[in-house]
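Novice: Residues per chain are reported as follows:
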Amino acid sequence: MTGRFHPPYPGWNVLDKWDSPSFNDVTRAVLRKRLEEVPKRRFFTRKEWPTLQALCDTVLPQNHNADPVPLANWIDAALHEERGSGTRHADMPAPPRAWRQGLAALDAEARARGAADFASLMPDARGALLHDVDAGRLRTDWQRLPARRFFRNLVLAEIVAIYYSHPTGQSEIGFGGPASPRGYVRLQPNRADAWEAPPGQWEETP
Amino acid sequence: MNGWADPAPRAVDGRAPDVFSTAGTVPMRQFSDRDAVDFAIVGTGCGGGVLAAKLAEAGFSVVAFDAGPFWRPLADFASDEREQDKLYWLDPRISAGDDPVEFGQNNSGRAVGGSTVHFQMVALRFRPEWFASRSRLGYGVDWPVDWRTMWRYYDEVERACAISGPVNYPWGPKRHYPYRAHEVNAAGQVLARGAEALGVPWAPTPLATVSAPRGKSPPCVYRGMCKIGCSTNAKQSVLITFIPRALDAGAEIRDLAMVGRIETEDGRATGVEYHRDGQWRFQRARNVVCAGYSIETPRLLLNSASGAHPHGLANSSGNVGRYLMVHLNDAVWGVMEDEIRWYKVPPSMACCEHWNYIDDKDFDGGYSFMSQGPLPTDFARMLVTNEGVFGDELHRQMALYNRMAGLKMVGETMPQADNRVTLADEHDDLGLPRAHVTYSCCDNDRRMRRHARDFMARMLAAAGGSELLETGSTAHLMGGCRMGNDPETSVTDSDGRTWDIPNLWVCDGSLMPTAGGVNPSMTIMANAARIADRITALAGRGEAERAHG
Chain A
49 MTGRFHPPYP GWNVLDKWDS PSFNDVTRAV LRKRLEEVPK RRFFTRKEWP
99 TLQALCDTVL PQNHNADPVP LANWIDAALH EERGSGTRHA DMPAPPRAWR
149 QGLAALDAEA RARGAADFAS LMPDARGALL HDVDAGRLRT DWQRLPARRF
199 FRNLVLAEIV AIYYSHPTGQ SEIGFGGPAS PRGYVRLQPN RADAWEAPPG
249 QWEETP
Chain B
35 MNGWADPAPR AVDGRAPDVF STAGTVPMRQ FSDRDAVDFA IVGTGCGGGV
85 LAAKLAEAGF SVVAFDAGPF WRPLADFASD EREQDKLYWL DPRISAGDDP
135 VEFGQNNSGR AVGGSTVHFQ MVALRFRPEW FASRSRLGYG VDWPVDWRTM
185 WRYYDEVERA CAISGPVNYP WGPKRHYPYR AHEVNAAGQV LARGAEALGV
235 PWAPTPLATV SAPRGKSPPC VYRGMCKIGC STNAKQSVLI TFIPRALDAG
285 AEIRDLAMVG RIETEDGRAT GVEYHRDGQW RFQRARNVVC AGYSIETPRL
335 LLNSASGAHP HGLANSSGNV GRYLMVHLND AVWGVMEDEI RWYKVPPSMA
385 CCEHWNYIDD KDFDGGYSFM SQGPLPTDFA RMLVTNEGVF GDELHRQMAL
435 YNRMAGLKMV GETMPQADNR VTLADEHDDL GLPRAHVTYS CCDNDRRMRR
485 HARDFMARML AAAGGSELLE TGSTAHLMGG CRMGNDPETS VTDSDGRTWD
535 IPNLWVCDGS LMPTAGGVNP SMTIMANAAR IADRITALAG RGEAERAHG
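In order, the protein sequence lines correspond to chains A and B.
Take the numbering used here: the final residue in the first sequence is number 254, and no numbers are missing along the way.
Take the numbering used here: the final residue in the second sequence is number 583, and no numbers are missing along the way.
By construction, these hints were calculated from the structure, which means they are not laboratory data.
You may find that some hints are simply not true.
Claimed, not checked - Selected chain A positions facing chain B (Cβ under 7 Å, derived; list incomplete):
no.	residue
1	Pro87
2	Thr135
3	Arg136
4	Arg200
5	Ile221
Model, not experiment: these values are computed from the prediction.
Every residue gets a Cβ at the ideal spot worked out from N, C-alpha and C, and that includes glycine.
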């Protein structure tokens with residue numbers, strides 16, 4: 049794992065284009081709702097909530113964000129609304145049960161490592177635990193929940209879907225953001241329109 | 035339950051949405067449930083949408099049903115990946131097998147216009163030999179259609195969708211695209227550079243988005259959000275091409291109308307039971323056409339079992355739901371020195387069909403590959419599901435988004451009887467059994483995947499890519515109710531007419547006996563256009579069920 053994360057496009061914010069031709073009414077309505085109407089906890093229990101929040105913090109640390117994206121709230125909302133992805137793997141329970149079972153299993157794994165629960169582990173230890181889960185190094189009984197599939201296809205896939213469709217995640221990576229009715233004109237390498245992020249700065253060239 | 039509050043049906047009271055407006059309507063003919071229409075068509079995508087337009091233009095009475103909403107792109111499509119999940123079929127399918135398929139945004143639309151509302155518009159043709167791959171190339175099975183016939187219908191649907199493509203396409207027999215090719219973006223230039231370094235041809239990808247004005251469609255503005263719905267109507271989806279034609283010609287489109295069952299009596303289809311506006315209704319029809327694609331068409335036929343058809347309709351051979359195919363959609367990604375900003379322009383601006391036209395390989399079938407431009411969550415989802423990456427490392431990799439380039443294959447899998455759709459034990463909100471889908475790759479599929487990953491990695495490295503990363507996925511669906519010349523081994527004849535029930539037809543991608551190494555939409559549309567002409571010709575000879583008026 050590398051050091052602290054430095055976003056390559058500091059200062060770039062797709063929301064600065066709110067009143068420009070890059071935004072249309074339907075996009076403004078969708079984003080206004082997302083930014084202003086953060087749903088309250090409805091699906092998870094009060095006891096599950098800290099585990100979920102610790103999981104989100106570990107998957108996508110947001111120490112660099114002044115205004116972190118409320119990932120847990122949107123996961124909760126999707127489960128409350130029974131929002132599907134079109135696929136249920138035959139070896140997986142339906143998402144509501146898989147999430148509850150998976151969070152309980154993370155707490156059990158934390159206890160097996162000497163902590164009270166997942167949330168009370170230090171960030172590095174949480175990361176190490178999740179790497180173990182992904183690699184199948186389990187110390188407790190997951191009761192037939194496929195640990196890696198739960199972690200990758202439900203947890204990770206849902207968290208990134210929320211984060212990178214949010215203006216915060218989009219701005220961080222230099223994405224152009226909403227683009228309708230105005231699209232783009234400059235399509236060549238190292239060229240950008242005036243309404244795109246200025247050239248990015250990376251600390252080290254890989 | 036898909037978690038979305040659908041709008042109320044919009045094609046009602048003799049009006050249908052004007053897809054070129056933000057709130058307008060156009061007149062629509064309507065039929066009573068009690069009147070037997072000539073054709074009840076289930077599905078309005080590449081198969082059903084094309085068929086509805088052509089049959090209505092030929093004078094038949096047509097009602098086309100779609101489970102999804104009737105969108106007006108200018109008002110309904112946001113520049114937002116999460117919001118636009120509403121275009122996909124999100125009700126779960128149960129996915130099993132050694133290589134379980136991901137559905138939803140990978141291959142399944144739920145809207146009037148079907149998957150073309152969210153397809154990425156790659157408009158390629160089959161290689162001619164693939165229509166006789168068993169006799170000419172020694173694998174798979176022959177289509178019951180000659181390639182020259184299909185070639186004429188490719189011409190027709192490419193004109194209908196005003197495909198923008200190059201003047202000289204490097205592979206296969208000559209073709210003429212009606213609109214000029216789009217400018218190749220930075221991501222496409224990476225493919226071009228790699229192809230030239232390795233000495234293989236490349237081409238600007240023929241695309242179903244216009245490069246110049248066409249009717250009410252403006253030229254593409256290169257916003258790059260094709261997969262989440264074109265909000266400007268530059269994309270020539272079925273929703274804005276064949277559906278308006280169908281309405282003009284007197285077809286009725288019933289949106290948000292889920293067909294659950296086809297009724298039969300004395301060996302003939304009598305109509306469809308459908309759910310709309312909170313109630314089950316029954317539409318009488320002289321002919322029923324299944325055009326719900328490779329999952330919903332078999333699901334509907336299987337769920338329509340009755341005393342006379344205990345294993346489902348058109349299934350005396352046991353072939354309904356079998357020989358389901360996907361495309362291998364593996365990719366290689368690399369970090370470039372340049373800022374590429376691949377989010378601009380349709381995602382696949384350059385393509386390479388080299389390995390579709392070379393037969394000296396260690397696998398059967400072929401694959402093409404294209405340059406890439408995934409939107410942020412799409413790319414992130416692929417990273418995490420393939421690599422399990424999270425934390426600071428995920429931030430680091432995503433921070434390179436604007437410097438990434440990728441090559442992704444569309445690889446032909448082999449038709450296998452055991453890759454199939456059946457009915458699950460559990461039911462959806464309407465009480466219909468969910469689809470259960472089993473999929474496992476065969477050795478040939480795996481050899482092709484290895485070959486493609488190796489070749490794409492070499493090409494990307496030759497173009498200057500570093501930190502190469504391979505990912506696996508699938509895209510598209512083909513087969514499930516294949517057509518053929520033999521009632522023992524296929525579900526329909528070459529006209530899409532089921533062998534068992536003379537007034538029951540299939541017209542969608544499930545007919546495809548083989549998958550080919552290119553995106554399937556143009557082939558499904560060309561085949562639908564052909565079937566429409568066949569039905570019209572048969573009716574002229576009194577061999578199709580035809581009503582008067």
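Novice: At a threshold of 7 Å, is the proposed contact between A:Arg200 and chain B supported by beta-carbon distances?
Specialist: For A:Arg200, the interface hint holds, since the closest Cβ of chain B sits about 5 Å away, which is under 7 Å.
Novice: Does the interface hint hold: is A:Ile221 within less than 7 Å of chain B, judged Cβ to Cβ?
Specialist: holds, 4 Å
Novice: Under the criterion of a CB-CB separation shorter than 7 Å, is A:Pro87 in contact with chain B as hinted?
Specialist: violated, 13 Å
Novice: Classify the hint on A:Thr135 as holds or violated, based on whether any CB of chain B lies nearer than 7 Å to its CB.
Specialist: Given a least distance of 5 Å, the restraint on A:Thr135 holds.
Novice: Mind checking the CB of A:Arg136 against every CB in chain B and telling me if the closest is under 7 Å?
Specialist: holds, 4 Å
In summary, the one numbered hint that this structure violates is 1.
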